[in-house]
Amino acid sequence: MNEITQPINIQDQQQAMNALLVELKRSPDLLQSTYPAYSTILEETLEHYLKQMTGVSASPSMESLVTQLNDRLYDELFCRLFEVLRQAPENSLEWKLAMHELLHQLQPLVKRHSHPDYQEALHRTWDWFISRYREFNPCSDAVKQSLVKWVNGYLYWRTRDLRSGQTVSISLDEPIDREAGATRLDRISDTAWQAPTLDGIDQLIAQQQAQATKRVGEQLAQYINEDPTGELKRCHPRKYPACHAQYLAQMRLLEEPALKFEAIAATLNLTKAIVHNHWYDRCLPLLRKIAIRFGYQSE
Amino acid sequence: MTPHPDSAITILLDSQAHDLALKFAAEQATPQRGKQVYLNTLAICAVNQWLKLLQIETAPMQSHFWNAGLRALLDIADLLLPKLGRLECRPIRLGQTTFATPTELQPDLIGCVVVQFEQDLSYGQLLGFVPTEQIGLPTGEVLEEVALSELQPLSRLIARLYESPSIAAQPAITTSRVSGGTNYFNDLSSTSVTHLSQWLQDTFSVGWRSLESLMWEAELSPAREPDKKSLRHTEKAKFPTEPYVRGKRLELGNSGETEEIALVVNLTPQANEENEVLILVHPLQSQYLPAGLVMALLDEMGVVIAEVKSSVKDNLIKRTLRGKPGERFSVKVTLEAAIALEHFTI
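These protein sequence lines are chains H and L, in that order.
Mapping of the first sequence onto numbering that gives the first Met the number 0: residues 0 to 298, in sequence order.
Mapping of the second sequence onto numbering that gives the first Met the number 0: residues 0 to 345, in sequence order.
No lab work stands behind these hints, which were simulated from the structure alone.
Note that the structure is a prediction, hence the values are computed from the model and not measured.
Backbone N, C-alpha and C fix where the C-beta goes; we use that ideal spot for every residue, glycine too.
Looking from chain H toward chain L, a few residues come up when the C-beta cut is under 8 Å (computed):
#	residue
1	H99
2	G216
3	D280
Dumping the calculated DSS-like pairs for lysine-lysine here, alpha-carbon to alpha-carbon at most 30 Å:
#	chain 1	residue 1	chain 2	residue 2
4	H	K288	L	K82
5	H	K259	L	K22
6	L	K34	H	K213
7	L	K312	H	K288
8	H	K271	H	K259
Next comes chain H alone, as it looks inside the complex:
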């Protein structure tokens, strides 16, 4: 009797596991990644996990199953990424893909604060992470947990340093941006700074524009509207004199919002292709030269 019933039970169980596997893979909450090795990690982790579950009578809910699996997937993925980052040269494609993936996965896990110095502290944390990632030891049972703790720990202390005006183990004169010549000291003096909002920049820009005496944008607009040498009006397809560079520049570059080729073509009673090709082939190179000339003059 046993010989007959046992295979049927295994088959049933196998079918149930396969159904669960399909359902798990479809779950939008399961960890997603475009990292090339991730599909293998996912398959292996799922297989391993489901094997462990075989024979366990109490089946967990889908939600808790995904949570447990995600922890394992994070661990496996982070282990793989650190392995690559330690072994591959920093100028290799492998290293760059691994670092991008690590930053991408780690960012949402890092603690957020409403502290005004949080941004600066986070800046420093990523600078530090890029230069010190080799010091992290991923050989533990809970890689994700220990990595997040490691990064959050550094972030916490940098927030504390900034709050108390102290800096620990970082030189104030240390350059953070060689090109701009900025040092950490520049940033610290800046900690009260708050980024403007998308709506708030309108007023800032209007104020600054009002203060500027010589605006290259205005000069260029004036040049296009006046066309003092006639070079813009002369630039047109042989048969269509109305389709000249001045008109197209006014419609494409000065009008707000810019007119689309179709709309411009309709005003000229021409096809879109005539306007489009004339714009790219002749108008843009000419306008580019004018713009560069004005750009140099303004510097």
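The hints should help you fit chain L onto chain H, whose structure is shown.
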């Protein structure tokens, strides 16, 4: 909508980025244009910051955007990656489902990286990228906007940078245009490969134009000597007239002077599945090529297989090669320290 949540990355923007954005915005003619330039600047800073984290070299100050006239007139936000090409950083606001393409597509443009901004401008989110060939179509049409659903993951962009032949130990392309004492940009480092077989289907990639349109442009050039005979009148006699002929404008800059030349390629299919490729270099601004200009043909390993040098009063130099579809070669044009490099697949 976040098209690629499995690839997007958030970049913090500090006061330096905002100060620069405000400075550039203040130069603009209108508040609307000022806001566009402000967001373009932040988008460049965000992409630049991301590439720095990945230790990929950038040269923002050598980008076209750094010229005050170009950033005022054109809606561009380019970032130069030395030896690799150029990225356009396109800002969008939360809720947008499309992004506007830049006013112009440079020949060395790798693609557009889309940066999303919310009300809080202390950060920007890099959503993904669209390669140039999806914006400048083979038909020659340039799309004015692209749906965010077309975005590819940023990891694909990183991989693409490594597909470029110029990353594999090509000599450094150091051409820079110097004018008015300002170190200007390098727009000759072309990374895209031109697929000549597509020409047989009448599809030509961005930058490769009919000889007629190239000559029109040359005639408009203020640098062109007015007393010279019109190029349009002489072109027919000198250039091949087969249907699969196209030209590309190249600029070679040395010590404040820029030489504009046309690289002309003519493809002629042969009976034995091979194609004959005629490559010639012609001046665009004057009647003759500058003496000492060298055109070299390189095989796919970068080894020189043929070389020709212009003498005094040469009005063109040319070489012909034959190859089977799929074979790769490059053309290197050198004038003193300036180099232009173009890659082809037959």
